[in-house]
Structure formats: structure tokens, C-alpha cells
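Trainee: Listed below are the residues making up each chain.
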Amino acid sequence: EVQLVESGGGLVQPGSSLKVSCVASGFTFSSYAMHWFRQAPENGIDWLAYITADSSSTHYAETVKGRFTISRDNAKNTVDMQLSSLRSEDTALYFCVRESGGRGFDYWGQGVMVTVSS
Amino acid sequence: DIVMTQGALPTPVPSGESASITCQSSKSLLHSNGKTYLNWYLQRPGQSPQFLIYWMSTRASGVSDRFSGSGSGTDFTLKISSVEAEDVGVYYCQQFLEYPLTFGSGTKLEIK
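Chains as they are written, first to last, in my numbering: chain A, 14 to 131; chain B, 3 to 114.
Hint data in this document are derived by calculation from the structure and do not stem from the laboratory. Just so it is clear, the structure is predicted and the values come from calculations on it, not from any experiment. Warning: the hint list may mix true and false statements.
[Claimed, not checked] Cβ-to-Cβ under 8 Å is the rule here; a few derived chain A residues that face chain B: (1) 58; (2) 72; (3) 118; (4) 122; (5) 123.
The beta-carbon is built from N, C-alpha and C at its ideal position, and this holds for glycine as well.
Make the full structure from the sequences, and use the hints.
Mentor: See the structure below:
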């Protein structure tokens with residue numbers, strides 16, 4: 014069974030940093046590109062970043078470029094995202110998501126909540 | 003960025019009736035390879051999004067054949083035939099043609 018389990022969320026102050034992590038199981042992790050999305054409370058879904066299966070390429074949304082960094086460790090089946098210079102508008106549920114080879118996003122984690130507030 | 007615009011449903015929809023959800027993109031999602039890069043997802047209350055449809059009209063694995071996708075390069079429809087209680091939630095369209103990936107604002111389905 015494919016599982017994506019996020020961790021690392023919490024309450025942080027504006028301007029601070031936080032790392033959210035995702036552990037994958039049930040599939041050959043090293044064969045899939047992975048993405049992070051987020052959903053602010055009562056809002057829609059925003060794409061944030063992706064990393065290719067072999068980490069050769071990453072891409073970011075303009076809203077987080079230069080502040081967020083995606084990385085992965087295929088030996089540990091993990092994909093992380095380092096969040097820095099956090100703002101109140103970064104408050105959201107952050108999802109780790111598997112890309113199904115150019116088709117779409119077939120498995121989503123349960124999400125991890127990040128709250129940025131003083 | 004490609005803007006995705008979703009229509010609203012006349013809620014609630016009577017159980018057993020069909021429902022059609024519309025979505026428009028600000029740019030054609032038809033790729034030169036012949037595929038149209040439009041996906042649909044359902045987010046049930048309190049859950050993560052569930053993958054329904056890719057390439058505009060192909061059902062994802064395990065998705066009921068009550069769900070069908072259609073459209074052109076910029077206008078799309080998700081049809082749910084004979085709606086059931088388990089179909090309640092917010093439906094999102096999403097373009098996968100180019101980055102940044104973008105979603106519609108969602109269409110809420112309630113059942114009477």
C-alpha cells in the first residue's frame with residue numbers, strides 16, 4: 014500500500030524557519046518525481062515545488078522561490094522541504110504528493126499543518 | 003500563469019441525479035502530443051485530494067465509471083452520473099501543461 018506521511022509542522026513566528034518532511038512507503042520511491050502542495054484554511058490548493066526522481070532538477074512557485082528548498086534522499090525514501098523567512102500567508106496544510114509520470118498526482122499524504130503567527 | 007476558472011453547482015443535487023462541473027482554462031491545455039493536460043480531483047471533507055481524471059478524460063485507477071471527463075482545449079466538464087452520498091466534497095480541476103501548476107478554486111457538491 015502506498016503511503017506518504019508528513020511531519021515537522023507546528024507554530025512558528027514570522028521570519029523563522031521550519032523543515033517539513035515526508036516518508037514514503039509501498040512503492041519504488043526512487044522512480045517517481047515528488048511535489049509539495051499547500052492548502053490554506055478554507056482555501057484552494059497551491060502547488061509549491063517539485064523534484065525529479067534523481068534530484069537532477071527542481072522547480073518552485075514564484076511565491077516561495079528563494080525561501081523554500083525541496084530535497085530528497087532516495088536511500089531513506091524521504092522528501093523534505095525547508096521553509097525559511099516564513100510569513101503569515103504561509104500558514105497552511107502542507108501536502109507531500111507523488112506524481113504519476115506526467116498524468117497527475119495519484120497519492121497525497123494526510124498533510125502537516127504549519128502556522129506562522131506571532 | 004494559466005488561470006483555471008470553475009463554475010458553481012446548483013446545490014444541493016438530488017441523490018441519483020447527475021451533476022456536471024465546469025472548468026475553463028485561460029490557455030489551451032492541448033499539447034502537441036495530442037494529450038490535453040487537465041486533471042480532476044475530489045477532496046472529501048477532512049481528507050486529502052483524491053485523483054479522479056487525467057488527460058481530460060481518462061479515469062484514474064479505481065475510480066468509478068460514474069465519473070467522466072470531457073471537453074476541448076479550454077473548456078472542460080466533469081460529469082458525475084447518479085450522485086451518491088460518497089461523492090460529497092469539493093471538486094478541483096488542475097492544469098498540468100506547464101509550470102506553475104494551477105488549480106481552479108473548487109466546486110462544492112452537496113447532495114439532497
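Trainee: Broken hints, numbered, in rising order?
Mentor: As far as the earlier hints go, not one is violated by this structure.
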